[in-house]
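Trainee: Below are the chains, spelled out letter by letter.
2 protein chains.
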Amino acid sequence: MNLTDIQELDIIDPFAKHREQFQLPENKVYLDGNSLGIMTKATETRLQNVIQQQWSQDLINSWNDHNWVNLPQTVGEKIAHLIGAEPEQTICCDSISVNLFKALTAALTIVQTQDSERTVVLSTKDNFPTDLYMVQGVAQFLGQHRCQLKLVDESELEQHINSKTALVLATEVNFRTGRRINAKQLVANAHENGALVILDLAHSAGAMPVHLDDWQVDFAVGCTYKYLNGGPGAPAFIYAAKRHHKNMSQPLSGWFGHARPFDFSPEYEPAAGIQQMLTGTPSVLAMSAVDAALDVFKGVSLEKLREKSLQLSDVFHQLLKTHDLDDVLQPIFPEQRSERGSQLSYHYEHAYGLCQALIQRGVVADFRAPNYIRFGFTPLYNSFEDIWQAAEQLRQVLAENEHLDPRWQQRNTVT
Amino acid sequence: MNLTDIQELDIIDPFAKHREQFQLPENKVYLDGNSLGIMTKATETRLQNVIQQQWSQDLINSWNDHNWVNLPQTVGEKIAHLIGAEPEQTICCDSISVNLFKALTAALTIVQTQDSERTVVLSTKDNFPTDLYMVQGVAQFLGQHRCQLKLVDESELEQHINSKTALVLATEVNFRTGRRINAKQLVANAHENGALVILDLAHSAGAMPVHLDDWQVDFAVGCTYKYLNGGPGAPAFIYAAKRHHKNMSQPLSGWFGHARPFDFSPEYEPAAGIQQMLTGTPSVLAMSAVDAALDVFKGVSLEKLREKSLQLSDVFHQLLKTHDLDDVLQPIFPEQRSERGSQLSYHYEHAYGLCQALIQRGVVADFRAPNYIRFGFTPLYNSFEDIWQAAEQLRQVLAENEHLDPRWQQRNTVT
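First to last, the protein sequences are chains A and B.
The opening residue of the first sequence carries number 1 in the UniProt record's numbering; numbering runs sequentially from there.
The opening residue of the second sequence carries number 1 in the UniProt record's numbering; numbering runs sequentially from there.
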């Protein structure tokens, strides 16, 4: 496969035009959209308006006049389109961690009203740590008689669901390996065994089709700063299936989740629907950025997006093979396309140095402890030529031993 | 008092220069900084840099290169200077509501480790509703045997502290009346009776001196979008006195509060100090705005700021008297200067219409249900001529009966 073949793929790419909607960084091949998405041009325009008009000129009146007060709902509904959710089940607010706390407490209450013996929250050892930490927080406060975290291998998750299981907490695409679980099958299995499912969509939303309603997922949370390009640390989202709205409650009962927040009543009365998942006043700067960023998905077929994502990863791995590097970098991603997320991860002894050396050459990938390198593919803005460049620079780094440079001491990175 | 006298006051105002650091709205007298502060010019510059360089060009590397990862601490320490807190006790994150949940659960645990019979959280009927809602959330979550909310009149708060009281949850300056409690005395009384105090500084921070360490306050929360000018819905802050750090824990144990978040360990281990109050990934746009906004306080004497704030309110009320309006608008603020916040509130039958009619004339004040009008004074950017203009327009609105215009149907507003 040579550069001409690659360029041919870009010519017929149905998303070539979408790339132009992004404020692409100069002189970079960016394969880290699974960590922090690139800003869209519409986002910049929107932020300028929020700064120069809405906040600085219109000030407090903007809560009504520019509809700040409904941003959590407006943004939530745009996300709903991307995760297979009918309206009024998805809302944008807080962080994934905080939203997990709401989902965990709400779901536990529902299950335990039926069967107080169900106390186990089942999850996987290599789930993203904050997911596990939030279960530990709930367990510490409710006590072991209400909540116990049980961790198993990802491959054995389903076989551990039993009559003690209250909830299964699973992330659809593993942040380290990029392995995608069969969420539909997991939910069916959990429900058959009387448990509910909370699904973390951090590495799925905006990268592939998700069918929360069809799969009968109970609760879900997700991130807007990866494939949804909402900006660094952008607010997260939470989904609660409509069938649970009547029976759910969660303790972060702030005034934005009140049925009539502007009555300023001293008694909390939860709003009827998904709005009861809101807590405090949302950041308008952060919310406006997500709101604008989501418009790039208008008219996008998630099936076609998924196909391009898989094609990008196929081409990347094929090029590594061509460079005889598929033995040097050991794939830790699944061979089956259907089991992959939108990233390829490799085990490599000098993964940190490799990552740093690539950055020096303008190729941004991601290191994950202890020695993995992740290449994220964002089909809305990554071209096939990006992939070709990345593989070529990777080849040169290794040929020149740049990854062994003593400068590359291990240090912290952020997901 | 005529306009010339007023203009004289502006000439000798020590904060006249600070006004120039704000992006003042055109053709407006803005007396609503107690709801949403005005943007500083430095904030706009900073946001432009975050948008055009840090996010769009430097992307993921900015977590380290632009120190995004430490924003909660950096901003927290800037706030600490304004609330009388020695370093390492204040951090910026989440909303007030979410931070209240952390403070409530942390403080309850500390008290109940000593004395499990102390289950009452004492607060005031007219506290800001979200404060009360969060106690109701905790009570529901932990059960009545751990947490019960007891509401009393603000004037009787201290006399209700007894051997059942775990916590006193008080807001220093009431959002409706603007009445300021004696926090130092409250804390002394609570401690004498074995209870801890959580203080809400939403209407204090940035408007007057606060002495959390000196007053021996246990926990505090506060808002950055009012007198701190951090932007609409900007992240809040939380303070925990150092003496409690060893014994405190809170259930929103997200990865940013971990001792070593980037180890990605499946076991939660809280960070040693105030950092354990962090939960999820912070919004960089929102945090950067607060960070920049706080620089306007560099070198500001909070005592002098307080003096100007009281002077602004004195002048305003004096002008209403001059216009014979102090019987029409009934003061609900305390006569004693020391008991006032940085706002004056009046009861008036047509408060909503009055507020709307004033907005039409470019004077922005604030309506609070059922029939109060609040005038907020922000001494860093309000001039004495602003006050004169507001009183003059108010006189004209009432003289012309503009407040009775049938257009002014009651509707929602946001604090």
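The hints are simulated quantities; they were obtained by calculation from the structure and are not laboratory data.
Accuracy of the hints is not assured; some may be wrong.
Said to hold, decoys possible - Distance windows between CB atoms, simulated: (1) A:Gln114 <-> B:Pro209: 49 to 59 Å; (2) B:Gly194 <-> A:Glu269: 38 to 48 Å; (3) B:Val328 <-> A:Ala271: 35 to 45 Å; (4) B:Glu303 <-> A:Asn247: 52 to 62 Å; (5) A:Ala272 <-> B:Glu339: 37 to 47 Å; (6) B:Gln159 <-> A:Gly84: 53 to 63 Å; (7) B:Asp326 <-> A:Asn247: 46 to 56 Å.
Unchecked claim - Just a few of them, taken from the derived set where beta-carbon distance is under 10 Å, the chain A residues facing chain B: (8) Ala16; (9) Leu24; (10) Asp94; (11) Ser95; (12) Asp126; (13) Thr130; (14) Met134; (15) His258; (16) Ser265; (17) Thr279; (18) Phe297; (19) Gly299; (20) Val300; (21) Glu392; (22) Arg395.
Think of the CB as a built atom: it goes at the ideal place given N, C-alpha and C, for glycine as much as any other residue.
Trainee: If a hint holds in the structure, say so; if it doesn't, say that too.
Mentor: Okay, the hints, checked on the actual structure:
For Gln114 of chain A and Pro209 of chain B, the Cβ-Cβ distance of about 54 Å falls inside the hinted range of 49 to 59 Å, so the restraint holds. The given range of 38 to 48 Å is broken by Gly194 of chain B and Glu269 of chain A, whose C-beta atoms sit roughly 33 Å from each other. Look at Val328 of chain B against Ala271 of chain A: about 38 Å separates their beta carbons, and that is inside 35 to 45 Å. Take Glu303 of chain B and Asn247 of chain A: their Cβ atoms lie about 54 Å apart, and the range 52 to 62 Å holds.
Against the hinted window of 37 to 47 Å, the Cβ-Cβ separation of Ala272 of chain A and Glu339 of chain B comes to about 41 Å, which satisfies the hint. For Gln159 of chain B paired with Gly84 of chain A, a C-beta distance near 57 Å keeps the hint of 53 to 63 Å intact. The beta-carbon spacing between Asp326 of chain B and Asn247 of chain A, approximately 53 Å, falls within the hinted interval of 46 to 56 Å. Restraint check, Ala16 of chain A versus chain B: the minimum CB separation of about 20 Å is more than 10 Å; hint violated.
A hinted interface residue such as Leu24 of chain A counts as satisfied when its beta carbon comes closer than 10 Å to some beta carbon of chain B; here the least separation is about 8 Å, so the hint holds. For the restraint placing Asp94 of chain A at the interface with chain B, the shortest Cβ-Cβ distance is roughly 7 Å, inside the 10 Å limit, so the hint holds. For the restraint placing Ser95 of chain A at the interface with chain B, the shortest Cβ-Cβ distance is roughly 2 Å, inside the 10 Å limit, so the hint holds. A distance limit of 10 Å between C-beta atoms decides the matter here; for Asp126 of chain A the minimum to chain B is near 8 Å, and the interface restraint holds.
Contact between Thr130 of chain A and chain B, as hinted, is supported at the beta carbon level, the nearest pair being about 4 Å apart and thus within 10 Å. For Met134 of chain A, the interface hint holds, since its Cβ comes within 10 Å of a Cβ in chain B; the closest pair sits about 6 Å apart. A distance limit of 10 Å between C-beta atoms decides the matter here; for His258 of chain A the minimum to chain B is near 7 Å, and the interface restraint holds. Given hint, Ser265 of chain A at the interface with chain B, holds; its Cβ is 6 Å from that chain's nearest Cβ, closer than 10 Å.
Annotation: Thr279 of chain A was flagged as interfacial toward chain B, and the flag holds, the nearest CB pair being 5 Å apart, inside 10 Å. With a least beta-carbon distance of about 19 Å to chain B, the hint placing Phe297 of chain A at the interface is violated under the 10 Å criterion. With a least beta-carbon distance of about 24 Å to chain B, the hint placing Gly299 of chain A at the interface is violated under the 10 Å criterion. Look at Val300 of chain A: its Cβ only gets to about 21 Å from chain B, farther than 10 Å, so that hint breaks.
With a least beta-carbon distance of about 21 Å to chain B, the hint placing Glu392 of chain A at the interface is violated under the 10 Å criterion. For Arg395 of chain A, the interface hint is violated, since its Cβ never comes within 10 Å of a Cβ in chain B; the closest pair sits about 23 Å apart.
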